[in-house]
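Asker: Below, each chain spelled out in residue letters.
4 protein chains.
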Amino acid sequence: MSNTIGEKVLLTLFGESHGPYVGAVIDGLSSGLEVNEEEMKRMLSLRRPSNKGETKRVEEDEYEIISGVYNGHTTGAPLTIIIPNKSVKSGDYDQFKKTPRPSHADYVAEMKYAGYQDHRGGGHFSGRVTAPIVAMGSILLEALKKKGIEIYVHIKKCAYMIDDEFALHPQVDLDELNTKNFPILNKEIGENMRDLMEKTAEEGDSLGGVIEVMIKGLPLGLGEPWFSSLEGKLSNAIFSIGAVKGIEFGDGFDFADAKGSEVNDGYMMEDGKVRTITNHNGGINGGISNGEPVIYRVAVKPTPSIYKPQRSVNLETKEDETLEIKGRHDPAIIRRICPVLRSMSALVIADLYEMRYGEDALR
Amino acid sequence: MSNTIGEKVLLTLFGESHGPYVGAVIDGLSSGLEVNEEEMKRMLSLRRPSNKGETKRVEEDEYEIISGVYNGHTTGAPLTIIIPNKSVKSGDYDQFKKTPRPSHADYVAEMKYAGYQDHRGGGHFSGRVTAPIVAMGSILLEALKKKGIEIYVHIKKCAYMIDDEFALHPQVDLDELNTKNFPILNKEIGENMRDLMEKTAEEGDSLGGVIEVMIKGLPLGLGEPWFSSLEGKLSNAIFSIGAVKGIEFGDGFDFADAKGSEVNDGYMMEDGKVRTITNHNGGINGGISNGEPVIYRVAVKPTPSIYKPQRSVNLETKEDETLEIKGRHDPAIIRRICPVLRSMSALVIADLYEMRYGEDALR
Amino acid sequence: MSNTIGEKVLLTLFGESHGPYVGAVIDGLSSGLEVNEEEMKRMLSLRRPSNKGETKRVEEDEYEIISGVYNGHTTGAPLTIIIPNKSVKSGDYDQFKKTPRPSHADYVAEMKYAGYQDHRGGGHFSGRVTAPIVAMGSILLEALKKKGIEIYVHIKKCAYMIDDEFALHPQVDLDELNTKNFPILNKEIGENMRDLMEKTAEEGDSLGGVIEVMIKGLPLGLGEPWFSSLEGKLSNAIFSIGAVKGIEFGDGFDFADAKGSEVNDGYMMEDGKVRTITNHNGGINGGISNGEPVIYRVAVKPTPSIYKPQRSVNLETKEDETLEIKGRHDPAIIRRICPVLRSMSALVIADLYEMRYGEDALR
Amino acid sequence: MSNTIGEKVLLTLFGESHGPYVGAVIDGLSSGLEVNEEEMKRMLSLRRPSNKGETKRVEEDEYEIISGVYNGHTTGAPLTIIIPNKSVKSGDYDQFKKTPRPSHADYVAEMKYAGYQDHRGGGHFSGRVTAPIVAMGSILLEALKKKGIEIYVHIKKCAYMIDDEFALHPQVDLDELNTKNFPILNKEIGENMRDLMEKTAEEGDSLGGVIEVMIKGLPLGLGEPWFSSLEGKLSNAIFSIGAVKGIEFGDGFDFADAKGSEVNDGYMMEDGKVRTITNHNGGINGGISNGEPVIYRVAVKPTPSIYKPQRSVNLETKEDETLEIKGRHDPAIIRRICPVLRSMSALVIADLYEMRYGEDALR
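Protein chains in written order, with the numbering used here: chain B, 1 to 363; chain W, 1 to 363; chain U, 1 to 363; chain V, 1 to 363.
Warning: the hint list may mix true and false statements.
Unchecked claim - Listed below are the simulated DSS-like cross-link pairs for lysine-lysine, each with C-alpha atoms no more than 25 Å apart in a straight line:
id	chain 1	residue 1	chain 2	residue 2
1	V	41	U	259
2	W	308	W	318
3	V	259	U	326
4	B	273	W	318
5	B	97	B	259
6	V	259	V	97
7	W	41	W	199
8	B	259	W	187
9	B	199	B	308
10	U	259	V	308
11	U	318	V	259
12	V	273	U	318
13	V	97	V	199
14	U	146	U	187
15	U	216	V	318
16	U	259	V	199
17	W	216	B	318
In case anyone wonders, no lab produced these hints; they're calculated from the structure.
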C-alpha cells in the first residue's frame, strides 16, 4: 500500500510536483465532522514558503474539495482534496534526469521506474505532495480537539541550537505555537536559527534539524501490541517524508546511557487518577498510549538541493560529472515540515481512535 | 493488523509468556526454500539467556514446525512454528496485576483488556514472544543470503561505551559477528560492557543501549514512496519490540547539526556501476534502497524489571504503593535483541523482495 | 478498506453523483504502461446512457487525468482520473432523504451516516461512481491484452431470454462483443431484449438480468488458497456494485443437481500441454486459475428506480407514505454494467498478475 | 493476504491435511469473551464425518487452545487453536502428485508450488483445514448471540430436492436446526436426501447442493459502500472453500427474470420501527445491512473425489492416463459444510461489528 495509509481511516496520496494537481483522498472517517475552511487555509499557509531564503515558488494552494463534504460536514464517503500546481518551471529539472542530484530520489526513481517517472520537480517524491496532507490534517485536528486531543509541534534543534522543553512553558505558549509561522518556544533561539537559515541560503547551502511533537489528552489504550504499536504506526507515517531520517520517543537515544532506576516511570495517584511520576517513555508502554502526553522527536536531514558544485554521474554516458543546481529551493524544511508532522500525527491518531471506539467516534 | 505484519510475506505472532506455547505463522513465502534446522537452533541459541547476570529462566526452545514444511523445504502454504513454554513460574507475577511494574505494559494491559489479559510473565507483551520471530528469521536469512543479501548486527553503544564502525573491520569480522553470543566488533569494549552488565545485575539495576544493523547486497528499488518506505516498514517492524524507543537511518539525528554540503552523498562511477561516494543516507533515498548498504541504529531502553524499590500504585485500593520485584530478568536485552533485529530486518526485506520480484523470487 | 481495493494494484474510488467530480486513484501499477486515450473514451462511451428508454442525464465524461501519467505512459506513481458531474438536477432527489426509495441505499445511508450523507442522486452509492472504474479499466485491459489476456462480456439473460454460449461463436464475434453498445452474441435475442427494455421503460418499470464474463489467456497460478481465491477476489470486487446480487463460476448453481461423474473436469494432453476436457469449474480449481478460460455469471437486480407508486415511510413523521419517483433513470443497467464488469475483472487480474510476477510484470 | 482474512478481527489459517496439525489464529477480538468448550466440541462434532457413506477417516478433533484464552475468557491477545491430524493414510495420495485428480487442486498446486507442496490428502487445500474455522466459529457465534445476532443454516437443495423456506417454520425449528447433524427443515426431504447420498456413495459417485444461510438480528449499518460491502465480504470468505462455486443474496439469480415493481422492497412502519414489507434484497441495500434478516445461498459442487475411472494425465510422462481413486471420501459435503458456513458468517459479522462499534463491542 505504497500511497495509502491507515487501517480504518485511510489516506491515499497522489500527484506529482509539476503535474496538474496534487491531492489526497481520506476514507473511513466519521460522517458529520465539521470542515472549517478558514482553518484549512491557515494550516496550508503555515506550510507555504514565506520566510527569507526559502523557495521563490509561489504556491497559492487554491485547494478544491471535490468529494465527501456536504453542507460543511463530512458525509462519510471518501473526502478528496485537490490542489493545482500553478507556479511550475519544469525546464529547471531536465538535467536531473540524466545527472541525478545527490541525496535526492532522482537516481532511484530513474532506475525503479525505468525512466517513465515524471522527474520534473522531483515528481511524486516532491515535498509538494505534503500540501494535501496538511489540508486533510486541518479537519482531523479540529475533530480531535473536540475530543480533548491536541497536538503541538516545535523546531527542537538546528545546528546545535536547542529550543526549550515543552514542560517549561505555560499552556498559552503551546497554544500560540500552532499558529506560528516559525514554531519555536524560545524567541531568541528562534531569531538565531532564522538568521543562520538566511545566511546558509546565501551560501547556497542547507540545514537539517530536529522537530519535537507532543500529543496531549490522548486516552489510554491507543495502539496494539507488536505490529500496530503507537510508535510503529507514527514512525511508518512520518518516514513517508523523504527528509526524515530518525525518530525517537520519550528519552529515545538517551536511554542508551541510562540505568533502569534512573528512567523507569513510576506510578502515583493524582486526583484519584493513576499518573506516571515522570514521562521517560513518552506516553507509550508496550506500544500503547498510557494516558500521559505522547512525545517524540524527528531527525530531518539538510535539504539536498544546494547550490554548491557536487559530484554526480551522467547516467547516459556513464561518466562522472559535476552538478550545479539552479532553481528555487528551501535551505531547510524544518519550519515547513511542522504542520505536516502535526497533520500526520493527527492522521495516525484519528485512525487508532476510530479503530478503538468505532466508526462514529469522532463525530 | 495488530499481530500480523507484511504485505505479501505475512508474519502472524501469537502466544503469551506463561501460556502453553508461543509461535508464529508465516504466509506468502516462496515454496522450495530450504529449512535448515541446524541454523534455526543456532539462531535460537543466540537469543537464549546464557550470560552471567541474565534471567535464570531456562528456555530450551524446543520448537516444533507444525505446517508449511515438507521434505525439508517450504511448501508455499503457511509455515507455523510453535515453541512450548516450559520453565514458567507464574506465582512471581500475581502482584503485578494489581501493582503494575513501572515502564512495563502491565498497567495499559490491565486497562485496555479490562483485566482479562494473561498478565503472567508480561503475557503477550513478553520478550518471550520474539523466539518464534528468530526461528522464522533463520529461514529468511538463509534464503536472502542465497540472493546475495546479508544482514549484520552489533551492539553499538551501552553506557557511553561505543563499538567500532562496521567500515573499520574486514569482512571476516562481520561474518563472525552473526555467530557471536555477544555481537560486538571491538573485543575490549565488549569485555567492558559485559563487566558492567554483570555489575549492574548485582546492583539490581539495568542498562539500555544502541544496536546497529547493516543490510548488505540489497538491490536497488526496494521500498515505495510515501507509506511503504523502506525506513517506515523497518521502523514499524522494529518498534514492535516494547524496549525499542528510537530508530535512525544513516547519519540519523546527527543530520540535525549538519549542512547539506557536508552530508550529501555524491555519485561516482565504480567498475561501470553507479555508487555513492559516501553513505550518509544509509542506503535509502526517497524511501527506496539505492544499492548501498542499508544502515540503521535502534535505541533500546534499560530493561524495566529492576530489583530496587520503585513507586507504583495499587489499582484496587487506588493508593500509592512501593513495589519490589523479585524473579528472574535480564539486566539488559541488548545482547539478546540482536538476533531478533536481524530476523525482523530479514522479514521486512523478504516481503519487499517478493513484492518487487514476484512470488517465487526467493526460491 | 471501504473504497480501496487490491493488494498490490490498489484502486481508490471517490465522488458523489451530484458533487463536483467522481474519480479514482490507481496505485501500485507498473510504470511504462501505455495510456490510450482513444480507448478510454471508447470504453466510457459504452457505459454512457444512449439507448432508448435510458436515463436522459447527459454524461459527457470529460475526464481529466491529474496524476500518474507522463508522456502518454504510466509513471509508477498513483494515477488519478477525475470526471466532472455536469448534468445534475439535485432538486429531483430532495424527497428521498425523508422518504427513502425502496431497494435503494437511501434508508441505510440516512441511518448509517446520521443524515450527513450527500443524498443527491444517490450520492456515493450512485452508479455514476463506476465511470472512473471504466476509465481505469481501459488502461488495464490494454496492458493485459499485451500479455495475451482478454476479457469478454455479454448480456446472458433477461426476462427468460437467454443469449448464446461463448463457445458457439467464433473469435471474431467475441472481438466484436467488446465494441458493441449492446453486447450480445445472438442478434435476434438482442433485438427482443431491447424492445422489451423500451416497453418496460414506457410502463415505468425496470428489468434485471444476468451478465456473463469470460477471461481468456489467463496463466495458471493466479489466486491463492483460502482468502485470496480468484473467485473470492472477483466476487468482492463485483459485489461493490449495488445492483449485483449473485455470482457463480463455471456451472455455478447447476452443480447443485449434478453428480461428480457428470461435472468433473478430466485432464488430457493437447499439443504437449495439459488441458481440461471440459470446463465445468470455470477455469478455477482450489481458488487458483488452471489455465482454462475463467467464466462467471453475475445476477443483476432490476433497477430500483421505477415510476409506479410504491410503499415507503416518512422518516420524519414516522408514517407510511406512498412514493412516486420522477426524474430520469435506466429501466435496466444490464447494458451499461458490461464495461464496468470488464473493468472490474481487469482490476482484479492486474492485481493478482503483479502479485505473482512482480512489480514491473505488466510493462 | 492469502490465509488471513478480516480488517479488525483477523483469522489466519494454517495446516495441511497430513501434516502434524491444522489450526488458526484469531486476532483483534474483544477481550473478555467467554470460551465455552462444550459448545466448541459440539460444533466440531457437527463437522465430523458420521453419516453413512461419509469418509471413514476418524477425526477426533482433539483441539488444543495454545494462546489467547485465560480463565475461560479471551485475553485480547491472538487466540490460537491447533488440532492434531491423527488418522492419516498418506500412501493413498502419492499417485495424485503425478496424476492429478480431476476438479481437485492437485494440478494447480503442482504447477504453482513447483512440486514443493505437501500433496498428501490435498495438503493445505484439504477440507480438513476448515476444522479450526469451526472451532473459532463457536466462540464468535456465542458472542454474537449475546448481542442478539443468530445465524441459521440448512441444506436448501440437492439433486432437485428442495427444503422448505425459513419463513414457513417457527422459531423452535430454526433453533433446532443448528443442533442437527443433518440440518434440514423438512424431515421427509431430509430422509430422501440421505438415502440418495448413501446410494450415490455406493455407486462411487458424489453430489452437490445448495446451502442457505440466514443471519437474524443484525443491526442496520454493517458493511460499507463499494469494496467492503456485506455481500462482498461474505463472498470472499465463503469462496475460500474450494467446493463453493456460487453465491446469491435475497432473490439472487431469480432477479434476472423479474420486474422492479415485483421485487422492490417497500417500507412500512411496524411497532414504531421502519421495516421492509418484503425481503427480496436479503437484508442488504447498497452493500449495507438494513436491519432485516440477511439471507444468502451458496452453490456447492459435487465432491470431486469419486471412485469411477476418470481421465487424467501423467505429469511426468506427459501422457493421458486413466485414474481410479481409492481411499475414503465424502459423497457430498453439503452436510459437513453447514457449520463451516455458519462459522465463516460469524467471522465476517464479528469483524464488521467491531469495525462499526469499537474494539470492546463484542464483550
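Asker: All hints are to be evaluated individually against the structure, with a verdict given for each.
Answerer: Structure-based check of all given hints:
1. 41/V - 259/U: Cα-Cα ~32 Å, so violated.
2. 308/W - 318/W: Since the Cα atoms of residue 308/W and residue 318/W sit roughly 22 Å apart, the hinted pair holds (cutoff 25 Å).
3. 259/V - 326/U: Measuring from Cα to Cα gives roughly 18 Å; hence the hint holds.
4. 273/B - 318/W: holds (8 Å)
5. 97/B - 259/B: violated (50 Å)
6. 259/V - 97/V: Distance ~50 Å between residue 259/V and residue 97/V Cα, so the pair is violated.
7. 41/W - 199/W: Violated. Residue 41/W to residue 199/W sits at ~30 Å, over the 25 Å cutoff.
8. 259/B - 187/W: It holds: about 23 Å lies between the C-alpha atoms, which stays within 25 Å.
9. 199/B - 308/B: holds (14 Å)
10. 259/U - 308/V: holds (12 Å)
11. 318/U - 259/V: Roughly 28 Å between the alpha carbons, so the hint for residue 318/U and residue 259/V is violated.
12. 273/V - 318/U: holds (8 Å)
13. 97/V - 199/V: Distance of about 30 Å is beyond 25 Å: violated.
14. 146/U - 187/U: Judged against 25 Å, a Cα distance of about 30 Å means the pair is violated.
15. 216/U - 318/V: holds (24 Å)
16. 259/U - 199/V: holds (12 Å)
17. 216/W - 318/B: holds (24 Å)
Figure legend: structure checked against the earlier numbered hints; hints not met, in rising order: 1, 5, 6, 7, 11, 13 and 14.
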